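Colleague: Guided by the hints, dock chain C onto chain Z, whose structure is given.
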Amino acid sequence: MQVVKPIVASKESNQMLQLRDILLEKDRERQLGLIERVNKVQETLNTKEKLSAKVSPLIKAELDQLKNDFPTLFGPVITETIKYQIQNSQDEVVDALYPIIGKLIRKYISREIEILSERVDKQFEKAFSWQGWLKRIKTWFGGAKESDIILQGASNTIIEEIFVIEQNSGLLFGSYSRTKTIDEDMIAGMLTAIKSFVVDAFKTKDQNLEGIEYESYHILFYNFNKFFLTVVVSGTITASFKDQLEKTVLKFVDKLRKQSNNIEESESNQFSGYLEKFFKNL
Amino acid sequence: MNIFNKGNSKLSKKIILLGQFGVGKSSLIEKFVHQEFSEMYITTIGVKIDKKEVQLGGRKYSLLIWDIAGEDTQIKVPTAYKLGAHGAIFVFDLTMPSSFENLEHDIAYMKKIIPPIPFVLVGNKTDLVDEAEMARIKEIVPHNDYIYSSAKTGENVESIFTSLVKKMAK
Chain Z
2 MQVVKPIVAS KESNQMLQLR DILLEKDRER QLGLIERVNK VQETLNTKEK
52 LSAKVSPLIK AELDQLKNDF PTLFGPVITE TIKYQIQNSQ DEVVDALYPI
102 IGKLIRKYIS REIEILSERV DKQFEKAFSW QGWLKRIKTW FGGAKESDII
152 LQGASNTIIE EIFVIEQNSG LLFGSYSRTK TIDEDMIAGM LTAIKSFVVD
202 AFKTKDQNLE GIEYESYHIL FYNFNKFFLT VVVSGTITAS FKDQLEKTVL
252 KFVDKLRKQS NNIEESESNQ FSGYLEKFFK NL
Chain C
651 MNIFNKGNSK LSKKIILLGQ FGVGKSSLIE KFVHQEFSEM YITTIGVKID
701 KKEVQLGGRK YSLLIWDIAG EDTQIKVPTA YKLGAHGAIF VFDLTMPSSF
751 ENLEHDIAYM KKIIPPIPFV LVGNKTDLVD EAEMARIKEI VPHNDYIYSS
801 AKTGENVESI FTSLVKKMAK
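Sequences listed follow chains Z and C, in order.
Going by this note's numbering, the first sequence runs without a break in its numbering and finishes at 283.
Going by this note's numbering, the second sequence runs without a break in its numbering and finishes at 820.
Derived by calculation from the structure, the hints in this document are not laboratory data.
The structure presented is a predicted model; accordingly, all values stated were derived computationally and were not measured.
One thing to keep in mind: the hints can contain errors.
[To be verified] Within a straight-line C-alpha distance of at most 25 Å, the following computed SDA-like cross-link-like pairs (lysine to any residue) qualify:
id, chain 1, residue 1, chain 2, residue 2
1, Z, 227, C, 737
2, C, 761, Z, 195
3, Z, 181, C, 703
4, Z, 227, C, 661
5, Z, 204, C, 813
6, Z, 259, C, 661
7, Z, 281, Z, 212
8, C, 701, Z, 182
[To be verified] Partial list, derived from the structure: chain Z residues whose beta carbon lies under 10 Å from chain C:
id, residue
9, 26
10, 169
11, 184
12, 188
13, 189
14, 191
Yeah, the Cβ is synthetic: ideal placement off N, Cα and C, and Gly gets one too.
Chain Z on its own, in the form it takes in the complex (with noise of 0.2 Å):
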């Protein structure tokens, strides 16, 4: 009896085993087709060429979008970066840079004296010309140095503005400007602060501002008890333009002091027109 049993159970078994691949026929199938799939994707990442053409475009789109984006998501970073580097290693950016600049100096510099001696060659042209023996004669008399005269020709000296203005308030009794960019009354103003700071900064109270270099701009001040001119000059300043320029000034104070009744304190570009006639055969 206890031989049978098994029998029965394996019959039993065998139902169940039918059973189950019929039930589950469809699920076997779609178990196959996964593995099969499975090696395909396995097959796929193990050979280079066929990963390699799947996942480049992808890779490819990605950098793209990263070109485009990058000034924006890193631009302010390493800026920032930049910024700290230089301002905590300036030696080693000065190092750095010294080779590169000193190079775009002595170009820059060999460029200008080249300009410079052709503007000169022109100048000695000039000089064995009519105009030049006048010139000559004119140096003879003068007492101003040839080379200077010369020099000057070729240096394009530019008087660009002219500011009278009252000594204490800073206000503006006359001024000429070239190029008419900036409000003068504002100007005379800030000049007159400046020259009171450089002053007070330095306690020199007995002595004065006498000009500011701004890279080709000479700000020249001229002082006298009520109210001080400020020249401001483009170009290079030779020593007899300078000259000129101080004989012009005390010939035009010399002027304003013989008609010193008709200054009115307060009253701005009383003589504006004047001074432009003055100066201008400088």
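Modeller: Same frame as chain Z, now just chain C:
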């Protein structure tokens, strides 16, 4: 030869703006002048100059307003900046008692270093105080003759300058 040509001339007046740091002097000018002439001058040389042209009683005035850097005490400000001024505006902050507690002393000091000139007292920042607070402040402030203003809302900003011009024109 007559070098004067007064056809185009206008009357210029130098006005100095005084008061402690943070009382709103620069904001008042900005509101009045409607332009910004580089604030950085104040931090570099301690003064900023603005210009405004006004017409009053048929006369054109060119106001050069010197906004002098505010300090805890006016003694630290370079005296030269105040010289030659035709008028002064003394600004204090209604929300900052330290700016008006020593008003008498500050005005006395100003009169000592520059000749007597017309001036206007201004209590600024009315937008930040209510009526009850204002009444309390009026009891503390030693002067009665002052203008309340707000650089933020623009309240009385024009009046400050026109009232000073009127005083200077007398």
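Colleague: The structure should be examined with respect to each hint, and the outcome stated for every one.
Modeller: Structure-based check of each hint:
| no. | hint | result |
| --- | --- | --- |
| 1 | Z:227 - C:737 | holds, 20 Å |
| 2 | C:761 - Z:195 | holds, 24 Å |
| 3 | Z:181 - C:703 | holds, 18 Å |
| 4 | Z:227 - C:661 | holds, 18 Å |
| 5 | Z:204 - C:813 | violated, 37 Å |
| 6 | Z:259 - C:661 | holds, 23 Å |
| 7 | Z:281 - Z:212 | holds, 21 Å |
| 8 | C:701 - Z:182 | holds, 15 Å |
| 9 | 26 | violated, 84 Å |
| 10 | 169 | holds, 3 Å |
| 11 | 184 | holds, 6 Å |
| 12 | 188 | holds, 9 Å |
| 13 | 189 | holds, 8 Å |
| 14 | 191 | holds, 6 Å |
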